[in-house]
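Number of protein chains: 2
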Amino acid sequence: MIKSSQTKIVDCTIRDGGLVNNWDFSVEFVQQLYAGLNEAGVDYMEIGYKNSPKLLKGADQAGPWRFLDDDFLKEVIPHKGKTKLSALVDIGRVDEDDILPREESLLDLIRVACYIKDVDKALALVQTFHDRGYETTLNIMALSNVMENELLEAFELIKESVVDVVYIVDSYGSLDHKDIEYLVNKFKTHLPNKRLGVHTHNNMQLAFSNTLVAADLGVELLDASVYGMGRAAGNCPTELLVTHLKGTKYELRPVLDIIERFMIPLREKEEWGYIIPYMITGTLDEHPRSAMALRASEDKDKVVDFYDKLTTPEVTFDKKK
Amino acid sequence: MIKSSQTKIVDCTIRDGGLVNNWDFSVEFVQQLYAGLNEAGVDYMEIGYKNSPKLLKGADQAGPWRFLDDDFLKEVIPHKGKTKLSALVDIGRVDEDDILPREESLLDLIRVACYIKDVDKALALVQTFHDRGYETTLNIMALSNVMENELLEAFELIKESVVDVVYIVDSYGSLDHKDIEYLVNKFKTHLPNKRLGVHTHNNMQLAFSNTLVAADLGVELLDASVYGMGRAAGNCPTELLVTHLKGTKYELRPVLDIIERFMIPLREKEEWGYIIPYMITGTLDEHPRSAMALRASEDKDKVVDFYDKLTTPEVTFDKKK
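Residue numbers (this note's numbering), protein chains in the order written: chain A, 1 to 321; chain B, 1 to 321.
Keep in mind the hints are simulated off the structure, nothing from the lab. Treat the hints with care, as some may be off.
Same chains, same names: a pair is fine if it fits in one copy or spans any two.
[Claimed, not checked] Once the Cα atoms are required to be at most 16 Å apart in a straight line, the calculated EDC-like pairs of lysine to aspartate or glutamate come out as: (1) 246 - 179; (2) 300 - 260; (3) 309 - 257; (4) 178 - 216; (5) 194 - 71; (6) 54 - 90.
Working from the sequences, and respecting the hints, build out all of it.
Structure representation (structure tokens):
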């Protein structure tokens, strides 16, 4: 139903999926995924973070996709196909000096993630990357917890900036189709000169449908990951987008091949997807960190206790005492 | 977002979930589920099929919920709560003489499932059950494979019938929000005197969102099952509906309790949900039986071969030969 002439898929399997397995993907896995996404016609592959290991604790334990090195990337992808390459950076964790001019890098797109209060800092980074020749996006996280006045202030800054695409990010997987419709219309009204993107989470099994609703409303960049791999409840599955977008250049078969060879075995070792504690944080519009801690504990299936803890005011804050 | 004053949840865990485990639910399980749904404020529990064992092969191997007996039901539910009880019958598999007058039965609602060609036969059954005092629904299956002219003919019969609620059934899990919108508007236009219901499947992770979209458009009876348990990809999860419908009388906690005590252990033994072969039959708008056969075989994860078989014309029908 949705015409895909304008829509583009950004596969985040390595970047967002790395949050599940600490970026422990082999070079072969990443190469095969890149080949498969190319064959499937996926537009972008986000191959990791471009943060600086100097600015992050525990950096030495993570796989190389957490701190992409341009020379290493050229070894991994010696022959670039049609699928463009993307990297994400976080405010305060990226060293601008690590970002080469685009003509010296395999990367095409640099995306800057931030919370609403840091939009100004994010846009300064966007300007730098834009000046070095990259396509850029601004990914405003946790929109469900942002007040109207903050959002309107941010729009003023964004409107005047050079950023190409502005993302609606449902960080907690708490939005439904009505919320997406509301946000897309708001962004379109206030940012008529910007293209839009969407990044969803699957806490309430709404990641794919919310992405379709956004695409229907004219959102162009659609984030996804193969088999939905991503932190906690995971993302919109790439396989569903490639098969369902109509008038399409996309092919399902190469994505099924990646799922069969890599993702089904990987899912047996690592956990993500629709799991009740993530549903609970989604419906409560909260960060999934409490649910991730529960899933790492012996009580991982004690979902009623977990729900009670999140919905009962702390005894230590009981004002009757 | 969706006002639930009109909407009612019909939990189908036992009836549709029974298609997964051949209705091998213990009496205790069914009693605890009924208690939980009552506490959660769920409006209906579909406690099984009211087909006749005389009219079905292999009847002696199935659990009692496949052929509900009214006396047995009174032992299972000695104290009825607010949650009404429902049973489904199939055309040609029900013996009308098995259906007691409503005042002698615990059942409140009898639903008749049929394909489009049998709408006349289904409505004759509906009339019988209506005359015996029951609420009735007509559940037209496989709507995605029905031509417009067949549907319009069926509407003429339905409009004149006594049936209370007409269901839109996405048997193959192939519909998206645009399709649901199209069907609901068509049903509303042609059946202005009937209430509507919706029954979705989760092959493309759209069961919950399609149900929400339908509710938004005024569909009143929403089918669901706890933890999504149902044939193949399963159904819209009851836990998501009870937590997400707004202005609501529903409670999430009792459903979480059922999930923790019964559904998580059960899911370790039985399989349903978003599994790639079911996604493939969903996107191809086909019955899941080929995918169910694959999942029961040693090749259950050979998804590329499976996709190739379903999308390549049979060699025996190759006209070039």
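Run through the hints listed earlier and report the numbers of any the structure violates, in increasing order. 5
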